[in-house]
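Undergrad: Heads up: the sequence lines are chains A and B, in that order.
Count along the first sequence from 1, add 28, and you get the number used in this note's numbering.
Count along the second sequence from 1, add 28, and you get the number used in this note's numbering.
No lab work stands behind these hints: they were computed from the structure.
As the structure is a prediction and not an experimental result, all values here were calculated from the model.
One copy or two, either will do: identical chains are not told apart, so a pair holds if it fits within one copy or between any two.
Derived pair list, reagent style SDA-like, types lysine to any residue, alpha-carbon separation capped at 20 Å:
hint	residue 1	residue 2
1	LYS127	PHE199
2	LYS195	GLY217
3	LYS195	GLY216
4	LYS67	GLY217
5	LYS191	TRP214
6	LYS127	GLY94
7	LYS219	PRO155
8	LYS149	TRP193
9	LYS207	LYS219
10	LYS127	ALA165
11	LYS149	PRO108
12	LYS230	PRO108
13	LYS112	LEU168
14	LYS149	PRO188
15	LYS191	PRO121
16	LYS63	PRO218
17	LYS127	ASN208
18	LYS180	VAL169
19	LYS191	ASN154
20	LYS67	HIS228
21	LYS131	GLY93
22	LYS127	GLU205
23	LYS207	GLU91
24	LYS191	GLU177
25	LYS195	VAL169
There are 2 protein chains.
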Amino acid sequence: MEVKGWSRVPCSIFLFFLVAGFQLSEQARPLSAAKPDPKDAAASARWLVAQNSWGVLNTISSELGGAPFGNVVSFSDGLPNEGKGIPYFYLTPLDPTAKNAVKDPRASFTVSEYPIGTCGKRDPMNPTCAKITLTGALKLVNPKSEEAEYAKIALFSKHPEMKGWPKDHDFQVYKLEIKNIFLINWFGGPKPLTVEQYLHPKLNKFDFIR
Amino acid sequence: MEVKGWSRVPCSIFLFFLVAGFQLSEQARPLSAAKPDPKDAAASARWLVAQNSWGVLNTISSELGGAPFGNVVSFSDGLPNEGKGIPYFYLTPLDPTAKNAVKDPRASFTVSEYPIGTCGKRDPMNPTCAKITLTGALKLVNPKSEEAEYAKIALFSKHPEMKGWPKDHDFQVYKLEIKNIFLINWFGGPKPLTVEQYLHPKLNKFDFIR
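Let the hints inform the model, and build the full structure from the sequences given.
TA: Right, here's the structure in full:
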């Protein structure tokens, strides 16, 4: 009898809960959603950047005789699942990285697929465990610009703690102006990928963005 | 009656299973063992390096006009729980990092506490979620030396996959000769820590090594 009763419930109700449940589970684990086909270099690169919350930002150290200085930083390239590919950072001049960038803006930003959790048992250096290095210029975003407002929303949505960071540390929004992309996500060396292709990938809703 | 029965089992049996169970659980998650007191900068730094399996190795890019180039790499500073603080890498000249180091050995190596899993809900950039950057020179280790043999054992024990990497890629052991240490593991800016203190910390078996 009960089975019969269920059969009277419209199919759309089941679909609603199926979709709602799926969306909730995606929100619960935003760092493991929808890995694209590695053959699609642009989608793969954008996914790698969008799904990560931290990476290593490299500058030329003015204090250490021009040595390359990597620093662990949090970042965001947009609202969750709406990343635009450009990494924004929230840096204080008390930290060497922002100071270095003022003197020499040359910089790179590196993230790995490993902390996303989708590399399984493969080594972090296995070429199928993707990694990306964006090289370019680290620039202060004009604090009064719309871009700074957007970047703060993007940063604070992924890093709520940032909103409460000490005012007297003078945190400001910086971004990496990307000039070169080094992506390894499969065997056979770095994937050819231009900045244009990276910034404007052919979006495939089901492969790439949810 | 059953309770009475249990009470006859010697206490040492319980202790044995307690210790054995603890050790097994430690083996199962070797990346979260025995975090030292953050006040002990040397122990904290060594723990951070010993517990991590990958990081970002930064060199000066000869191909990209001298830009700082960060690259995701696997590494090891020794056998598990016997780390000596010096990071060893297994690099191929097909990769830009080894090529860069030949032209300019200036380098840094950066790791974060975040992937170890001991930062809890704190942001990767929260100063109490530790990070370290070792700056110095990236050098090829003489392939015929005892050091290269030791480094290979250290690398392969943490990265078993490396043993099977393609012979024709000419992987070689490199190490970072450390000249400067940038450690943040608490509020108040970088912790003063000399290379000497880092390489020869006052070992406390229960705080630091298991």
